[in-house]
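Enquirer: Using the hints, put the two standalone chains together into the complex.
Next come the chains, spelled out residue by residue.
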Amino acid sequence: MKEFALKSEEKFHSHYLNIEKVNKRMTTRLFINNFVKYLFLASTMFGLIVLAFLIYTILRDGLGWINMDFLTNRLSTLPERAGIAGAVVGTLWLMFVVGPVTMVLGIGTAIYLEEYAKRGRFHSFIQTNITNLAGVPSIVFGLLGLTIFVRMFGFGPSIIAGGLTMSLLVLPIVVVASQEAIRSVPQFLREASYGMGATKWQTIRNIVLPASMAGILTGVILALSRAIGETAPLVAIGIPALIIPIPSSITDNFTVLPMQIYYWTIDSVLVDEYASMAAATIIVLLIVLFLMNSVAIIIRNKFKKRY
Amino acid sequence: MSSLSISTELPLKKETTEQVNKTVVYDTKNLNLWYGNNHALKNINLPMYKNEVTAIIGPSGCGKSTYIKTLNRMVELVQNVRISGEILYREKNIFDKEFRVEELRTRVGMVFQKPNPFPKTIFDNIAYGPRIHGIKDKKILKEIVEKSLRGAAIWEEVKDRLHENAYGLSGGQQQRLCIARCLAVEPDVILMDEPTSALDPKSTLKVEELIQELKENYSIIIVTHNMQQAARISDKTAFFLNGEVIEYDDTDIIFSTPSDKRTEDYITGRFG
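Chains as they are written, first to last, in my numbering: chain A, 1 to 307; chain B, 1 to 272.
Don't read these hints as lab results, they were simulated from the structure. Yeah, the Cβ is synthetic: ideal placement off N, Cα and C, and Gly gets one too. Keep in mind that the hints are not guaranteed to be accurate.
One side of the interface only, derived from the structure: several residues of chain A facing chain B at Cβ under 10 Å [claimed, not checked]:
id: 1; residue: K118
id: 2; residue: G120
id: 3; residue: F122
id: 4; residue: F188
id: 5; residue: E191
id: 6; residue: A192
id: 7; residue: S193
id: 8; residue: N206
Quick look at which bits of chain B chain A covers, simulated, 3 or more residues with Cβ under 8 Å [unchecked claim]:
id: 9; segment: 44-55
id: 10; segment: 71-77
id: 11; segment: 99-106
id: 12; segment: 117-128
Next up, chain B with everything else stripped away, as it sits in the complex (with noise of 0.2 Å):
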């Protein structure tokens, strides 16, 4: 189990050697959703591990993209949504009535498919969500900012210009300055839907590689329709086929002995 081992190794946040064993940050229950009558997601049940990337791979419409932006209820903002089951963030339900959404959202953090910073300037980006979250002390924002800059590895390239617009980065750059903004509410899991389809193959590789780093302070679950990427870079791998999980195991095994069928014709390219 290349998971076990490589968590065993890592330097910790705050938890012992054995806590971070295994610890579950979310576990998917039965879960259903419905779009109107498009039953998209079907009877989930998918554990997911600290400190690891997770990685949701299968094709078009497949429901992955659904389900990332469920584990932060960001799939609400659509409008007739149903759903069903339960999805245990850190042994709580996030579905239930007392569990605050923005709660979540402040715990789990999100980079999109498409880079999307604000129209502000790159400083003023980063300290969005301390400052929303009632950080005002500018020495302070101005320490998380740096921090986060250099924890999402784009410091070098952007400390000269902080006080220019975001849009002015090339696009790889912005995605990296979004996963920086991630970084600056200090999240305990960061979900990535596909965070790399609107980048070039350079700016792909750094990010790959930023996510290896952060995989020793953050649990990644991320989506994503490249399978060379996927065996990169994840841990464990979801196949999801037509709003179910087909197989999910180790990357590596995924990858090499899948025991479903499907999971091999996928993986190998003979569909998708």
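Bound-form chain A, shown alone (with noise of 0.2 Å):
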């Protein structure tokens, strides 16, 4: 190890390189080698600190109104009564909607595009479609919805008008987790299955789709936490401002809590107490994400690779 001193010039036998010159160097090399990693450093931290704010305003303005009667009371313009059990009915309403209806149509589309359609034109047109599709603003599904499901259907600003306008949004997310996890099943579990007679939905109902269906779950999961988060398309539709009665069916009109926030921090210049109002529901709907998130976070971990 000795020998391998760098003074001992001898042994270094460089043709190209010359050792002073990139001694000299070696210095700013190292530093900015050390620069980067703090570089990077912060741009990880900024985005840290900057969420731990966010969270920490909203916990101190929220933090005291959340209560029983916050979480079952129905809306109502006095802050001492108001409560945000309308919202929470009506998000559980919206994803009661957006989930069944973009596992079907996901599902159904991701099975058709990756097990049925051949490779060609058509396929890559679709699919273009739907990678594009996922990145169309939401006030436009929203304009859409307006159009199609709240008008031309003439379902008002429904529960099924505003579930079937954020099924179309994230339809895309479903879609393309549910093709990823379809294509993620090897090949040679097919092989075997039609080996042995098996028809192509036997092999796709008995081995793709349990096989794939982690990887689902999770993308329909994510689209959910999206649908209940989103507040444009919702606005676009014209939900009211001010819903008195909890929903009870699905042609009713709803708020949800994002909506429950948007009206509260816009009115909260008339009245204080809304702009804390706002914070408690934030608290709450981040919480419910949070929760889903990580179920689909465990629901991943659970079934990761097998084969």
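Expert: Below, the structure written as structure tokens:
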């Protein structure tokens, strides 16, 4: 080891490298090396600090408002009597519509594209469009929902109209996640099934879907959590600012947690307490989202690669 | 003709001795196959006989795997495949519009290069075939599972862990499980695509012994790149080269006095 010291230059038979120059540049190189490390750390910390600050202000403003009454009371213009029961139930209703609709349409589309459709122009046309749809601003989906579901079908700003609009918005997420999950099922499992005389559907039903279910469910949950956090499409379809009755059927008018946050925030210039109530609602929404994403992660980890 | 003498001594499944002698299970006539523009199989003509082990040998890329996958039309899972000619299975052309591919694959089982059990229990792996073909009765399923596992000489090793995941088995056990899974559908022919290439020598030996036993009740067509294996276990051998059948004869003849120079070069290890 000793012999390897830099001073014994006879041992370095460098034809192209000038050891002196290399050593001179070394200090700068090491400095840059260190610098970028801290630069990237700073980038990470920036996001974390902003998030921490956000959570801190929300907790500071809203935590005091959260109690059983706030969770179970109906909406009211009087801060001391107002609660978010309507918005919570509305959010559940929304999930109740978005979940099944996106599962049926999304998984169906994914199965068709992965298992049935021949690779070709039509296939790549659909594929490109689905990817593009995922990037369409949500307000555009809102306007689509307003035109088709609210006006054309005459649903009004009801749960069914909101749910279908939201389903369209998150459908690409489910499709893409399901496609990836289906694609990750190794071909040799399909071959084994076909090889025994199974039909395509039997193979999909008994082999492909069970093996890809974890990925599909993860996609559905992530899509749902996107849906319950979205506001713009619901603003576009015209959800009223103040809905006192708790929705009890799919054709009822409704509101959801982010809408409640939105209206309380813009009205907080009128009533001071609204700001705190919005913060409290944000806490509730964040907890719900956090739980849903945790479930998605648990499912994903539990069913990780088994082949 | 060693094949003849063996088949006459066999305990028979259904047919009489006379029928067994030289019953053709698969007859390939003027088969051509293209992947896109790649002419992968050229004018294949091969009769294959009941209760025999037919080995297909040849260097990599000679079309032997493609050919065996054509026999149960698995090759059609690849896109852009074009086929001309006929393959008669029990005198019916498998490419006929009326011939249902699922029916063919029920009669003709397949064992793959890499063991490919389902991510299910051992029991469910074996019961998969019978279940998709409509058997629901638990008792019958149990019976089939035991019989199939015994048939594949793996029953003793797994009988106490039937409800454990098949992925807990060793590679060699998994391959025999796959053979058992194949037997559970009670096939007529078993296609094997390099079934031992992913196995260690000991497991390979077990599978080879098993093939010898299975021959009594099934017709076996096996692709192998191991010439010793072909010589050990098969009755007939077809030598493929560049998508053509160069020579097809009794295994003894192929390995002792091949008539084609290229066959001789290949089996003596001069290329491939």
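Enquirer: Take the shortest C-beta to C-beta distance between K118/A and chain B; is it under 10 Å?
Expert: Holds. Min distance 7 Å.
Enquirer: Tell me if the interface restraint on E191/A is satisfied: Cβ within less than 10 Å of some Cβ in chain B.
Expert: 6 Å, holds
Enquirer: Classify the hint on S193/A as holds or violated, based on whether any CB of chain B lies nearer than 10 Å to its CB.
Expert: For S193/A, the interface hint holds, since the closest Cβ of chain B sits about 7 Å away, which is under 10 Å.
Enquirer: Quick check on A192/A please, does its C-beta sit within 10 Å of some C-beta on chain B?
Expert: Since chain B brings a Cβ to about 5 Å from A192/A, closer than 10 Å, the hint holds.
Enquirer: Take the shortest C-beta to C-beta distance between F188/A and chain B; is it under 10 Å?
Expert: Where the cut-off is 10 Å and the nearest Cβ of chain B is about 4 Å from F188/A, the hint holds.
Enquirer: The hint names N206/A as touching chain B; please verify it with the least Cβ-Cβ distance against 10 Å.
Expert: Holds: closest Cβ of chain B sits about 7 Å from N206/A, inside 10 Å.
Enquirer: Are at least 3 residues of the segment 71-77 of chain B within less than 8 Å of chain A when you compare beta carbons?
Expert: With 3 residues closer than 8 Å to chain A, the segment 71-77 of chain B meets the three-residue bar; holds.
Enquirer: Less than 10 Å between beta-carbons is the criterion; does G120/A satisfy it with respect to chain B?
Expert: Since chain B brings a Cβ to about 9 Å from G120/A, closer than 10 Å, the hint holds.
Enquirer: Are at least 3 residues of the segment 99-106 of chain B within less than 8 Å of chain A when you compare beta carbons?
Expert: holds (count 5)
Enquirer: In terms of beta carbon proximity below 8 Å, does the segment 117-128 of chain B have 3 or more residues touching chain A?
Expert: Our answer is that it holds, as 4 residues pass the Cβ test (under 8 Å) against chain A, meeting three.
Enquirer: Under 10 Å is the threshold here; is the Cβ of F122/A close enough to any Cβ of chain B for the hint to stand?
Expert: Status violated, d = 14 Å.
Enquirer: Given that the segment 44-55 of chain B was listed as covered by chain A, double-check it with a C-beta distance under 8 Å for 3 or more residues.
Expert: Per the Cβ count (0), the hint is violated.
Going down the numbered hints, you'll see the structure goes against 3, 9, while the others check out.
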